[in-house]
Amino acid sequence: MSNEEKYRAWKERPCPMAVSTDFSAEVMRRVHREAGQRQAQWNWPGVLEFFQRNVSFQYAALAVAATAGLSRLWLILFAILQP
Amino acid sequence: MPEDSDIVKHVLNGNVDSFRILVERYQRPVLSMIRRLIWDSHRCEEIGRDVFVAAFQKLSTFDPARSKFSTWLFTIARNMSINALKKKTPIPVEHLPEILDSRNPSDELSDKEFFAQLDQTLKALPGKLQRAFILAEFEQMPYEEIARIECTRLGTIKSRINRARLRLHAAMKDIEGGKS
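So the sequences go chain by chain: A and B.
Letter by letter, the first sequence follows residues 1 to 83 in our numbering.
Letter by letter, the second sequence follows residues 1001 to 1180 in our numbering.
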């Protein structure tokens, strides 16, 4: 066998992959435990993530902040100008 | 067969059991990739389980507009394999993945030696070259997907694979030279 053939045989050798039968069951057990814990506690990173991903929510928050800011501005102007 | 992105939506909407479909769909390629990257068949299932649990935890950050689910999952597997490599002690050559050998028994010893030397050379390569070569040549992943997993440009991946090939060919010449 030439070196090139050996190199190809090395690259193409099968890698025996026996996945244990309880692999997915064990993963799902941990996933359910994780989901249960998530429901039980208030998830702040999840809230921030939601805020970060939801653009319409960001616009709504911006609108509320702008309205609050403008109303204060009116108050200040009202105090300065004293119409 | 439901699309990965549809299953992700189901899971995010509270149907946690749907995640099993993704686990069963990707357990073999993920474990195979981890096994090749960490050179340890004993720990790959343990790391594989952590990969799927981490994927579930971060599922809300998966954006189907940016990448395929498989690419996103392989990226997690790649990162966790790198972390596992940083922690673990080196594995002796005799514990490297076994090969199924269907060749002539008389060739077996020299071939095994040859394969072991190439394994050693590959293992000695810098991690970036090693990973690019393993994903392209052993896992048969498209270069574009490897570039996304490695968070780099396509040209960089091509160059890394080429450099790894050149070093392996140089090692092959050394092995041949050592024998004669």
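The set of hints was computed from the structure by calculation and includes no laboratory data.
This one's a predicted model, so the numbers in the text were calculated from it and none came from an experiment.
Note that the Cβ used here is the ideal one computed from N, Cα and C, for glycine as well.
Honestly, I wouldn't trust all of these hints.
As the list claims (entries may be wrong) - Simulated restraints, written as ranges between beta carbons of each label pair:
hint	chain 1	residue 1	chain 2	residue 2	range
1	B	Leu1012	A	Leu73	21 to 27 Å
2	B	Lys1009	A	Gln39	30 to 36 Å
3	A	Leu48	B	Ser1067	21 to 27 Å
4	B	Lys1158	A	Ala18	29 to 35 Å
Unchecked claim - DSS-like, lysine-lysine: derived pairs with alpha carbons at most 27 Å apart:
hint	chain 1	residue 1	chain 2	residue 2
5	B	Lys1058	B	Lys1086
6	B	Lys1086	B	Lys1009
7	B	Lys1112	B	Lys1068
8	A	Lys11	B	Lys1009
9	B	Lys1123	B	Lys1112
10	A	Lys11	B	Lys1128
11	A	Lys11	B	Lys1112
12	B	Lys1009	B	Lys1087
13	B	Lys1086	B	Lys1158
14	B	Lys1112	B	Lys1128
15	B	Lys1123	B	Lys1058
16	B	Lys1112	B	Lys1173
17	B	Lys1068	A	Lys6
18	A	Lys11	B	Lys1158
19	A	Lys6	B	Lys1112
20	A	Lys6	B	Lys1173
21	B	Lys1058	B	Lys1112
22	B	Lys1058	A	Lys6
23	B	Lys1173	A	Lys11
24	B	Lys1009	B	Lys1058
25	A	Lys11	B	Lys1058
26	B	Lys1158	B	Lys1068
27	B	Lys1058	B	Lys1068
28	B	Lys1086	B	Lys1123
29	B	Lys1128	B	Lys1087
30	B	Lys1087	B	Lys1123
31	B	Lys1173	B	Lys1158
32	B	Lys1128	B	Lys1058
33	B	Lys1086	A	Lys6
34	B	Lys1087	B	Lys1058
35	B	Lys1158	B	Lys1128
Status of each hint after checking the structure:
Restraint check, leucine 1012/B to leucine 73/A: a C-beta distance of roughly 40 Å breaks the suggested window 21 to 27 Å. For lysine 1009/B and glutamine 39/A, the Cβ-Cβ distance of about 19 Å falls outside the hinted range of 30 to 36 Å, so the restraint is violated. Checked against the given bound of 21 to 27 Å, the beta carbons of leucine 48/A and serine 1067/B, roughly 22 Å apart, stay inside it. Lysine 1158/B and alanine 18/A have their C-beta atoms about 34 Å apart, which keeps the hinted 29 to 35 Å range intact.
The straight-line distance between the Cα atoms of lysine 1058/B and lysine 1086/B is roughly 23 Å, inside the 27 Å bound, and the hint therefore holds. Restraint check for lysine 1086/B and lysine 1009/B: not satisfied, since their Cα atoms lie roughly 34 Å apart, outside the 27 Å limit. Annotation: proposed proximity of lysine 1112/B to lysine 1068/B is violated, straight-line Cα distance about 38 Å (limit 27 Å). For a cut-off of 27 Å, the pair hint linking lysine 11/A to lysine 1009/B is broken: about 38 Å separates their Cα positions.
A hinted pair counts as satisfied when its Cα atoms are at most 27 Å apart, and lysine 1123/B with lysine 1112/B qualifies at roughly 16 Å. Annotation: proposed proximity of lysine 11/A to lysine 1128/B holds, straight-line Cα distance about 18 Å (limit 27 Å). Proximity of lysine 11/A to lysine 1112/B is assessed by CA-CA distance (about 13 Å); at most 27 Å being required, the pair is judged to hold. This hinted pair does not check out: lysine 1009/B and lysine 1087/B have alpha carbons roughly 35 Å apart, beyond 27 Å.
Using a Cα cut-off of 27 Å, the hinted pair lysine 1086/B and lysine 1158/B holds, with the two alpha carbons roughly 25 Å apart. As the CA atoms of lysine 1112/B and lysine 1128/B are separated by approximately 26 Å, the hinted pair is consistent with the 27 Å bound. Between lysine 1123/B and lysine 1058/B the alpha-carbon distance is near 31 Å, which puts this suggested pair outside the 27 Å criterion. Pair hint lysine 1112/B plus lysine 1173/B holds up; C-alpha atoms about 16 Å apart against a cutoff of 27 Å.
Straight-line distance between C-alpha atoms of lysine 1068/B and lysine 6/A comes to about 35 Å, which puts the hinted pair past the 27 Å bound. Restraint check for lysine 11/A and lysine 1158/B: satisfied, since their Cα atoms lie roughly 17 Å apart, inside the 27 Å limit. Restraint check for lysine 6/A and lysine 1112/B: satisfied, since their Cα atoms lie roughly 10 Å apart, inside the 27 Å limit. Of the supplied pair hints, the one linking lysine 6/A and lysine 1173/B holds, its CA atoms being roughly 12 Å apart against a limit of 27 Å.
A C-alpha spacing of about 42 Å is found between lysine 1058/B and lysine 1112/B, which places the hinted pair above 27 Å, so the restraint is violated. As the CA atoms of lysine 1058/B and lysine 6/A are separated by approximately 42 Å, the hinted pair breaks the 27 Å bound. Distance restraint check for lysine 1173/B and lysine 11/A: the Cα-Cα separation of roughly 17 Å lies within the 27 Å cut-off, and the hinted pair is therefore satisfied. For the proposed pair lysine 1009/B and lysine 1058/B, the alpha carbon gap of about 13 Å is at most 27 Å, so the pair holds.
A threshold of 27 Å between alpha carbons decides the hint, and for lysine 11/A with lysine 1058/B the separation of about 34 Å lies outside it, so the pair is violated. Of the supplied pair hints, the one linking lysine 1158/B and lysine 1068/B holds, its CA atoms being roughly 21 Å apart against a limit of 27 Å. For the given pair, lysine 1058/B sits about 15 Å from lysine 1068/B by alpha-carbon distance, which is consistent with the 27 Å threshold. Restraint check: the Cα-Cα separation between lysine 1086/B and lysine 1123/B comes to about 14 Å, which is no more than 27 Å; the hinted pair holds.
Between lysine 1128/B and lysine 1087/B the alpha-carbon distance is near 18 Å, which keeps this suggested pair within the 27 Å criterion. With a C-alpha separation of about 16 Å, the suggested pairing of lysine 1087/B with lysine 1123/B holds against the 27 Å cut-off. As the CA atoms of lysine 1173/B and lysine 1158/B are separated by approximately 23 Å, the hinted pair is consistent with the 27 Å bound. For the given pair, lysine 1128/B sits about 25 Å from lysine 1058/B by alpha-carbon distance, which is consistent with the 27 Å threshold.
About 31 Å separates the Cα atoms of lysine 1086/B and lysine 6/A, which puts this hinted pair outside 27 Å; it is violated. Between the alpha carbons of lysine 1087/B and lysine 1058/B the distance comes to roughly 23 Å, so the proposed pair stays at or under 27 Å and holds. Among the hinted pairs, lysine 1158/B with lysine 1128/B is consistent with the structure: their alpha-carbon atoms are about 12 Å apart, no more than 27 Å.
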